[in-house]
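Knowing the structure of chain A, use the given hints to seat chain B on it.
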Amino acid sequence: AQKITQTQPGMFVQEKEAVTLDCTYDTSDPSYGLFWYKQPSSGEMIFLIYQGSYDQQNATEGRYSLNFQKARKSANLVISASQLGDSAMYFCAMRENSYSGAGSYQLTFGKGTKLSVIP
Amino acid sequence: KAGVTQTPRYLIKTRGQQVTLSCSPISGHRSVSWYQQTPGQGLQFLFEYFSETQRNKGNFPGRFSGRQFSNSRSEMNVSTLELGDSALYLCASSLGQPPNYGYTFGSGTRLTVV
Numbered sequence: 004a005q006k007i008t009q010t011q012p013g014m015f016v017q018e019k020e021a022v023t024l025d026c027t028y029d030t031s032d033p034s035y036g037l038f039w040y041k042q043p044s045s046g047e048m049i050f051l052i053y054q055g056s057y058d059q060q061n062a063t064e065g066r067y068s069l070n071f072q073k074a075r076k077s078a079n080l081v082i083s084a085s086q087l088g089d090s091a092m093y094f095c096a097m098r099e100n101s102y103s104g105a106g107s108y109q110l111t112f113g114k115g116t117k118l119s120v121i122p
Numbered sequence: 175k176a177g178v179t180q181t182p183r184y185l186i187k188t189r190g191q192q193v194t195l196s197c198s199p200i201s202g203h204r205s206v207s208w209y210q211q212t213p214g215q216g217l218q219f220l221f222e223y224f225s226e227t228q229r230n231k232g233n234f235p236g237r238f239s240g241r242q243f244s245n246s247r248s249e250m251n252v253s254t255l256e257l258g259d260s261a262l263y264l265c266a267s268s269l270g271q272p273p274n275y276g277y278t279f280g281s282g283t284r285l286t287v288v
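Those sequence lines, one after another, are chains A and B.
Position in the first sequence (from 1) plus 3 gives the number in my numbering.
Position in the second sequence (from 1) plus 174 gives the number in my numbering.
Extracted from the complex, chain A is given alone in its bound form (with noise of 0.2 Å):
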């Protein structure tokens, strides 16, 4: 089963504008981490923001904050005031807490939204 899942290939955003980056997970743990990474065409994955399963407040970083609805598991990223800079792929990503066995502590990524900023 697909553990992130984000529904969106490709996003158009007006610079200045705010734009919001959907994600939802599934996981029976009750202790995870979710992250989100931007991924400009150099390659590099770049972390923007954290949120963990137990924190009571939404993440904020800058420009970046997240949406976490946690009964609904979605972690939606928003990007207020987009910038041409922001233009790259974004990823979500979960870090399962709990030892499951092989494979355990990895960060698992969805395929990822294409966003590009128009002047």
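Please keep in mind that the hints were generated in silico from the structure rather than gathered at the bench.
Check before you lean on any hint, since a few could be wrong.
[Unchecked claim] Derived pair list, reagent style DSBU-like, types lysine-lysine, alpha-carbon separation capped at 35 Å:
id, chain 1, residue 1, chain 2, residue 2
1, B, K231, A, K114
2, A, K73, A, K117
3, A, K73, B, K187
4, B, K187, A, K117
5, B, K187, A, K6
6, B, K187, B, K231
7, A, K73, B, K231
8, A, K114, B, K187
This is chain B only, laid out in the frame that chain A set:
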């Protein structure tokens, strides 16, 4: 502080050859994870090393192997290369202690098998 360094950045190999990729983590980080990224399969976990021991392994054939040295630098090796091994290989460094530890990725090594 210096980031995660992966070498080489680009590599072209012939089918049947073997290749070694290197990853130097952030100073003080004891965990190095490797991921393969392809257009078809996306990002897939290869393995993780922590304090010179392989802690976890993904679902890849035995042709994919790795190791970690006492200075936390890690290498991954792919033997008997196949065309399907063409990918971006990313390594991620972290402190390695749960529950809340982040991952810093390198710029990747882009491997092309011809």
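Here is what the structure says about each hint:
1. K231(B) to K114(A): 21 Å, holds
2. K73(A) to K117(A): Given that 35 Å is the threshold and the Cα spacing comes to 25 Å, the pair holds.
3. K73(A) to K187(B): 45 Å, violated
4. K187(B) to K117(A): 29 Å, holds
5. K187(B) to K6(A): Judged against 35 Å, a Cα distance of about 34 Å means the pair holds.
6. K187(B) to K231(B): 24 Å, holds
7. K73(A) to K231(B): 29 Å, holds
8. K114(A) to K187(B): 27 Å, holds
The structure is inconsistent with hint 3 alone, although it conforms to all the rest.
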